[in-house]
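Colleague: What follows is each chain in one-letter form.
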Amino acid sequence: DQQVKQNSPSLSVQEGRISILNCDYTNSMFDYFLWYKKYPAEGPTFLISISSIKDKNEDGRFTVFLNKSAKHLSLHIVPSQPGDSAVYFCAASARGQNFVFGPGTRLSVLP
Amino acid sequence: EPEVTQTPSHQVTQMGQEVILRCVPISNHLYFYWYRQILGQKVEFLVSFYNNEISEKSEIFDDQFSVERPDGSNFTLKIRSTKLEDSAMYFCASRAGQINQPQHFGDGTRLSIL
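So the sequence lines, in the order shown, correspond to chains A and B. Under the numbering used here, think of the first position of the first sequence as 1, with each following residue one higher. Under the numbering used here, think of the first position of the second sequence as 1001, with each following residue one higher.
Next comes chain A alone, as it looks inside the complex (with noise of 0.2 Å):
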């Protein structure tokens, strides 16, 4: 039962261009979404959040959208960058619930 979907396993960008990397999910009682990046051989680093009461959050060159009649959500990076390139992970979660995590996007800027 796969609750949150990051349907793309990968996906490579030019450096300097925007990188979108998508995520669905299932159960409508999430609210509260988040992003996070992973190195190899590191933890997960929090990039961004959004709550369900809001449809933008704006971090810098980190932008996530939330559209909750589509049950989507979307994380932007612009301009990317070589040391972006790294696996992207949607989490969500319900009432202040446990996370629950799609299985990843791989991130490769290219120079």
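FYI, nobody ran anything at the bench for these hints, they're computed from the structure. Certain hints may be false.
[Claimed, not checked] Listed next, the stretches of chain A that the computed footprint assigns to chain B, with coverage defined by at least 3 CB atoms under 8 Å from CB atoms of chain B: (1) 32-41; (2) 45-59; (3) 97-107.
[What the hints assert, rightly or not] Listed next, the in silico DSSO-like pairs over lysine-lysine satisfying Cα-Cα at most 27 Å (straight line): (4) B:Lys-1057 x A:Lys-38; (5) B:Lys-1057 x B:Lys-1083; (6) A:Lys-38 x A:Lys-68; (7) B:Lys-1078 x B:Lys-1042; (8) A:Lys-71 x B:Lys-1057; (9) B:Lys-1042 x A:Lys-71; (10) B:Lys-1057 x B:Lys-1042; (11) A:Lys-38 x B:Lys-1042; (12) A:Lys-5 x A:Lys-68; (13) A:Lys-54 x A:Lys-71; (14) A:Lys-5 x A:Lys-54; (15) A:Lys-38 x B:Lys-1078; (16) B:Lys-1042 x A:Lys-68; (17) A:Lys-56 x A:Lys-71; (18) B:Lys-1057 x B:Lys-1078; (19) A:Lys-68 x A:Lys-56; (20) A:Lys-54 x A:Lys-68; (21) A:Lys-54 x A:Lys-38; (22) A:Lys-5 x B:Lys-1042; (23) A:Lys-5 x A:Lys-56; (24) B:Lys-1057 x A:Lys-5; (25) B:Lys-1083 x B:Lys-1042; (26) A:Lys-5 x A:Lys-38; (27) A:Lys-71 x A:Lys-38.
A virtual CB, placed ideally from N, CA and C, is assigned to each residue, including glycine.
Mind docking chain B on chain A? Use the hints.
Modeller: Same frame as chain A, now just chain B:
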């Protein structure tokens, strides 16, 4: 910036042996978690811990697993009789007490069962 620390970074254990993975969460955090990631698979929730008791656990967290917060700083995961399929990265996480706060992760312990 405060961080979650995990020890050891790599643990090699014979099948059937007991193993204890250790974590020091961020000091003012109240919620504690263990996750695992089998090689090539997604991060899976194991257990959450609040107010000195388990608040939620997954189907993976069966009787061979236990967690403990033996003092004010450490948070441990014990696997009583390890199996080959327990080989994975184990991540500890913690978060502050307010609702809608992110979890902060340690760098994980790689557990290899021989």
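Colleague: Regarding the pair Lys-38 of chain A and Lys-1042 of chain B, is the alpha-carbon distance no greater than 27 Å?
Modeller: holds, 12 Å
Colleague: Is Lys-1083 of chain B within 27 Å of Lys-1042 of chain B, Cα to Cα?
Modeller: This hinted pair holds, its Cα atoms lying about 19 Å apart.
Colleague: Does the alpha-carbon distance linking Lys-1057 of chain B and Lys-1042 of chain B stay inside the 27 Å limit?
Modeller: holds, 17 Å
Colleague: Taken at face value, is the distance from the CA of Lys-68 of chain A to the CA of Lys-38 of chain A at most 27 Å?
Modeller: holds, 26 Å
Colleague: Has the given pair, Lys-1057 of chain B with Lys-1083 of chain B, been kept, meaning a C-alpha gap of at most 27 Å?
Modeller: holds, 19 Å
Colleague: Taking 27 Å as the top limit, are the C-alpha atoms of Lys-71 of chain A and Lys-1057 of chain B close enough?
Modeller: holds, 25 Å
Colleague: CA of Lys-5 of chain A to CA of Lys-54 of chain A, is that 27 Å or under?
Modeller: It holds: about 21 Å lies between the C-alpha atoms, which stays within 27 Å.
Colleague: Hey, Lys-5 of chain A versus Lys-1042 of chain B, does the alpha-carbon distance stay inside 27 Å?
Modeller: Judged against 27 Å, a Cα distance of about 11 Å means the pair holds.
Colleague: So if I understand the rule, the pair passes when the alpha-carbon distance is 27 Å or less; does Lys-71 of chain A with Lys-38 of chain A pass?
Modeller: holds, 24 Å
Colleague: Lys-1042 of chain B and Lys-71 of chain A were given as a pair; does the straight-line alpha-carbon distance stay at or below 27 Å?
Modeller: Answer holds: Lys-1042 of chain B to Lys-71 of chain A is near 20 Å, not above 27 Å.
Colleague: Hey, Lys-1078 of chain B versus Lys-1042 of chain B, does the alpha-carbon distance stay inside 27 Å?
Modeller: Holds. Lys-1078 of chain B to Lys-1042 of chain B sits at ~21 Å (cutoff 27 Å).
Colleague: Confirm or reject the coverage of the stretch 97-107 of chain A by chain B under the rule of 3 or more residues with a beta carbon closer than 8 Å to the chain's beta carbons.
Modeller: holds (count 8)
Every hint from the earlier list agrees with this structure, and none is contradicted.
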